[in-house]
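Novice: Protein chains in written order, with this note's numbering: chain A, 1 to 260; chain B, 1 to 417.
Derived by calculation from the structure, the hints in this document are not laboratory data.
We put the beta carbon where it would ideally sit given N, CA and C, even for glycine.
Heads up, a few of these hints could be off.
Stated by the list, open to error - Label pairs and their computed distance ranges (CB to CB):
(1) B:136 to A:104: 47 to 57 Å
(2) B:113 to A:112: 36 to 46 Å
(3) A:238 to B:70: 38 to 48 Å
(4) A:229 to B:218: 30 to 40 Å
(5) B:146 to A:229: 18 to 28 Å
(6) B:45 to A:69: 22 to 32 Å
To be verified - Below, in silico cross-link-like pairs of lysine-lysine (BS3-like), each with a Cα-Cα straight-line distance of 30 Å or less:
(7) A:70 to B:114
(8) B:114 to A:94
(9) B:64 to A:85
(10) A:174 to A:82
(11) B:64 to A:223
(12) B:104 to A:82
(13) B:157 to B:201
(14) B:198 to A:217
(15) B:198 to A:223
(16) B:157 to A:217
(17) A:229 to A:211
(18) A:55 to B:265
(19) B:114 to B:229
(20) B:405 to A:94
(21) B:64 to A:94
(22) A:94 to B:42
(23) B:127 to A:112
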Amino acid sequence: MKNPLLIMTLIFSASITGQDQVALTPEDILTNMSQNLSSRTLYTETEMRITMGSKTLTKTFISFSQGPEKSFIEFLGPQRDKGTKILKIGKVLKIYFPSAGRIQRYSHHMLKQRLMGSDFSYEDITERDKELEEDYTASLLDEEEFQGVPCFVVHLESKDPQRNYYTQKIWVDKEKFIGRKVEFYARSGKLLKVLTVDEVRLIEGRFYPVKFTMQDKLRTNTKTEVMLKEIRFDTPIPEDTFTERNLLWGHPIRYHPNTW
Amino acid sequence: MHGRFSHLAWRNIWRNRRRTLLTSLAIAFGVMFLVFIQSYIKGVSDSFLENMVRSETGHIRIAKEDYLRLERILPKEHLIFDFMEIEDSIQDVPGMDTLTERIKFLLVLSRDEKSQPCVAVGINPEKEKNFLDLENYIVEGQYLDSSSSSQMLLGRKLADELGVSIGSEMFVATTDINYSLYALTFKVKGIFQTGFDKIDKSIFYIPLESAQTLLDCPGAVHEIILLLKDPDAAIKTARDIEERLEEEGHPGITAAPWKTHYFVKFLSFAKSIRILLLVIVFLIVALVILNTMIMSVMERIHEIGIMKSFGMREREIRLLFLVESFYIGTIGSLAGGGIGAVVSVITQNTGLDFSAAFDRIKVSLPFVSSVYFPDFTIYFLINSIIFGVIITLIAALYPAVKGSKMSPVQALRSGLK
Chain A
1 MKNPLLIMTL IFSASITGQD QVALTPEDIL TNMSQNLSSR TLYTETEMRI
51 TMGSKTLTKT FISFSQGPEK SFIEFLGPQR DKGTKILKIG KVLKIYFPSA
101 GRIQRYSHHM LKQRLMGSDF SYEDITERDK ELEEDYTASL LDEEEFQGVP
151 CFVVHLESKD PQRNYYTQKI WVDKEKFIGR KVEFYARSGK LLKVLTVDEV
201 RLIEGRFYPV KFTMQDKLRT NTKTEVMLKE IRFDTPIPED TFTERNLLWG
251 HPIRYHPNTW
Chain B
1 MHGRFSHLAW RNIWRNRRRT LLTSLAIAFG VMFLVFIQSY IKGVSDSFLE
51 NMVRSETGHI RIAKEDYLRL ERILPKEHLI FDFMEIEDSI QDVPGMDTLT
101 ERIKFLLVLS RDEKSQPCVA VGINPEKEKN FLDLENYIVE GQYLDSSSSS
151 QMLLGRKLAD ELGVSIGSEM FVATTDINYS LYALTFKVKG IFQTGFDKID
201 KSIFYIPLES AQTLLDCPGA VHEIILLLKD PDAAIKTARD IEERLEEEGH
251 PGITAAPWKT HYFVKFLSFA KSIRILLLVI VFLIVALVIL NTMIMSVMER
301 IHEIGIMKSF GMREREIRLL FLVESFYIGT IGSLAGGGIG AVVSVITQNT
351 GLDFSAAFDR IKVSLPFVSS VYFPDFTIYF LINSIIFGVI ITLIAALYPA
401 VKGSKMSPVQ ALRSGLK
């Protein structure tokens with residue numbers, strides 16, 4: 001190293017490229033996002049605030065999911081919803097109605113329906129993407145700021161033509177690798193829903209959205225805000241959680257992570 | 001002279017029995033058809049209206065404005081919460097006969113693997129008897145009673161579709177007015193068959209309180225339905241009720257007279273089609289009678305020649321033929337009218353069953369019955385008979401006038417052709 005200036009220049013230019021992250025491919029962005037989002041199991045305690053015109057409804061529930069296929073939800077409030085449980089395994093949806101003491105099985109059509117009047121469908125709430133890079137083909141559209149946060153604008157196209165949201169446009173936080181805004185489109189190109197992330201937190205070493213708002217663009221004057229009160233990644237979930245027996249007899253306390 | 005003519009005419013028509021009988025038969029057939037078709041059309045359109053009034057609109061329907069505006073999707077949330085108060089305040093409206101209240105919402109009724117989109121109707125079983133009298137249409141089991149709130153009535157076709165019988169447990173799940181999921185189980189108490197496709201295929205009835213529990217709206221209803229003593233007074237009475245409700249502080253509530261229902265508007269269009277149809281039917285019958293009569297008189301032109309040779313005057317010949325036609329027309333019309341009336345009255349009681357034809361139509365049409373009951377009135381008999389006689393006379397006039405003007409030789413020759 002005879003020329004300190006050259007070294008300086010090299011170091012300087014290297015740090016510039018590092019900052020700009022020019023080398024990132026869309027796939028890299030997805031992989032980074034997946035590292036934040038995906039987990040083998042997930043436990044959450046959720047408060048959902050549904051606004052329809054002047055009416056606001058608040059519902060709380062706990063949910064368990066394991067892999068992309070299995071999911072279990074139990075409503076804790078309001079009183080009327082307490083004890084309503086939803087089990088989804090693959091494309092089969094089963095709902096337990098405490099008022100009738102019965103389980104009803106629904107076909108996959110029900111998955112597209114609104115969950116308790118919210119802007120989310122049953123599918124939105126119960127389904128988790130396997131790994132983003134496995135399910136979608138990504139392309140980088142642009143780089144722009146969203147609400148003051150520098151973002152990549154990534155276009156995702158589903159590899160499965162049957163998927164409800166065939167394409168997605170995501171504003172990915174360049175620093176935290178978390179979607180700040182997602183637009184969901186039908187295959188026809190029609191905008192179906194818009195999700196905006198209002199708060200991201202660092203939990204168990206990963207960035208995760210804890211407050212977000214969904215708006216169903218096919219309806220007017222509605223939005224659903226979601227607040228995740230408690231999140232556990234990869235905590236062991238009892239084997240019998242995703243069973244009909246649990247739908248009928250399970251009790252939420254039994255499954256609270258603090259009691260495991 | 002008239003006496004002699006009528007005697008001669010009477011003898012004349014029986015001279016050729018076969019011709020007279022065939023001519024009368026054509027007239028009889030035409031008149032019979034007229035009586036029946038009029039009864040039938042009246043039966044069909046009355047059945048539409050009657051069914052619409054009893055199952056849907058009443059003579060007046062009181063509901064939230066938004067509910068009526070969005071009626072086709074049956075919005076759950078637009079409820080009348082103070083319906084007791086409203087019923088109290090309209091109790092003494094002049095011309096009121098009876099009232100009831102209903103809750104309606106859409107859901108998918110499922111059993112095992114089968115499911116069917118339905119309208120759930122919460123009713124007051126006692127009051128409902130004055131409206132859609134389901135009790136009379138029960139073909140299996142019983143009508144709702146006060147012993148339990150978890151009873152359900154459903155139509156024959158819906159029951160068959162879901163494979164349900166009396167005592168079957170039905171699971172009814174819905175989202176309530178606050179978008180909570182809620183479900184109750186019901187026992188099938190009765191199966192009805194009204195003949196009206198929409199009701200038999202896609203509506204089930206449960207007690208009002210159960211419907212309120214399902215929707216989480218105790219004490220509230222969607223509609224208050226009124227029957228009036230005079231249906232034609234509905235528009236005025238509805239206005240009176242609205243004024244009264246406004247005075248007493250029930251905002252946003254509408255009293256809709258049955259004639260403003262979209263289906264009635266459709267019916268007024270249907271009415272012009274009905275009139276056109278009747279005109280066409282009358283014309284066809286007229287043509288049949290005209291054709292038969294002209295043929296039968298033309299056949300006898302040579303007789304005119306003979307009469308003329310015997311010195312009968314033109315006027316007398318015309319009169320003779322007209323009197324003969326009058327006899328034939330009267331005999332045919334009376335016979336046809338009689339048979340038409342009897343057929344109408346019989347089918348009025350038994351009904352004409354088109355269910356086989358309707359089963360092929362998969363959509364259930366509103367207020368359309370698969371069994372029709374013609375509605376015979378004496379007016380149809382009288383107008384058909386008069387029409388038959390007049391057309392017969394008109395038909396005879398042309399050949400009679402033409403023939404009477406011919407010279408005896410011409411007439412004899414043309415008759416020989």
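Novice: Hint by hint, note whether the structure agrees.
Specialist: Hint check:
1. Against the hinted window of 47 to 57 Å, the Cβ-Cβ separation of residue 136 of chain B and residue 104 of chain A comes to about 34 Å, which falls outside the hint.
2. At roughly 19 Å, the beta-carbon separation of residue 113 of chain B and residue 112 of chain A lies outside the given 36 to 46 Å, and the hint is violated.
3. Taking the beta carbon of each, residue 238 of chain A and residue 70 of chain B are about 46 Å apart, inside 38 to 48 Å as hinted.
4. At roughly 32 Å, the beta-carbon separation of residue 229 of chain A and residue 218 of chain B lies within the given 30 to 40 Å, and the hint holds.
5. Taking the beta carbon of each, residue 146 of chain B and residue 229 of chain A are about 47 Å apart, not inside 18 to 28 Å as hinted.
6. Checked against the hint of 22 to 32 Å, the C-beta distance between residue 45 of chain B and residue 69 of chain A comes to roughly 58 Å, which is inconsistent with it.
7. For a cut-off of 30 Å, the pair hint linking residue 70 of chain A to residue 114 of chain B stands: about 25 Å separates their Cα positions.
8. The straight-line distance between the Cα atoms of residue 114 of chain B and residue 94 of chain A is roughly 15 Å, inside the 30 Å bound, and the hint therefore holds.
9. Pair hint residue 64 of chain B plus residue 85 of chain A does not hold up; C-alpha atoms about 34 Å apart against a cutoff of 30 Å.
10. For the given pair, residue 174 of chain A sits about 40 Å from residue 82 of chain A by alpha-carbon distance, which is inconsistent with the 30 Å threshold.
11. For the suggested pair residue 64 of chain B and residue 223 of chain A, the alpha carbons sit about 26 Å apart, so the restraint of at most 30 Å is met.
12. Restraint check for residue 104 of chain B and residue 82 of chain A: the C-alpha separation of about 25 Å stays at or below 30 Å, so the hint holds.
13. For a cut-off of 30 Å, the pair hint linking residue 157 of chain B to residue 201 of chain B stands: about 5 Å separates their Cα positions.
14. Taken as a hint, the residue 198 of chain B and residue 217 of chain A pair is broken in the structure, with Cα atoms around 34 Å apart against an allowance of 30 Å.
15. Of the pairs offered as hints, the one joining residue 198 of chain B and residue 223 of chain A is violated, with about 36 Å between alpha carbons and a cut-off of 30 Å exceeded.
16. Of the supplied pair hints, the one linking residue 157 of chain B and residue 217 of chain A is violated, its CA atoms being roughly 38 Å apart against a limit of 30 Å.
17. In summary, the hint linking residue 229 of chain A to residue 211 of chain A is supported, as the alpha carbons are separated by about 9 Å, within the 30 Å threshold.
18. Note on residue 55 of chain A and residue 265 of chain B: the hinted pairing is violated, with a Cα-Cα distance of about 36 Å set against a maximum of 30 Å.
19. Restraint check for residue 114 of chain B and residue 229 of chain B: the C-alpha separation of about 44 Å exceeds 30 Å, so the hint is violated.
20. Proximity of residue 405 of chain B to residue 94 of chain A is assessed by CA-CA distance (about 93 Å); at most 30 Å being required, the pair is judged violated.
21. Between residue 64 of chain B and residue 94 of chain A the CA atoms are separated by roughly 35 Å; this puts the pair beyond 30 Å, and the hint is violated.
22. Straight-line distance between C-alpha atoms of residue 94 of chain A and residue 42 of chain B comes to about 51 Å, which puts the hinted pair past the 30 Å bound.
23. Distance hint between residue 127 of chain B and residue 112 of chain A is unfulfilled; the C-alpha atoms sit about 40 Å from each other, more than 30 Å.
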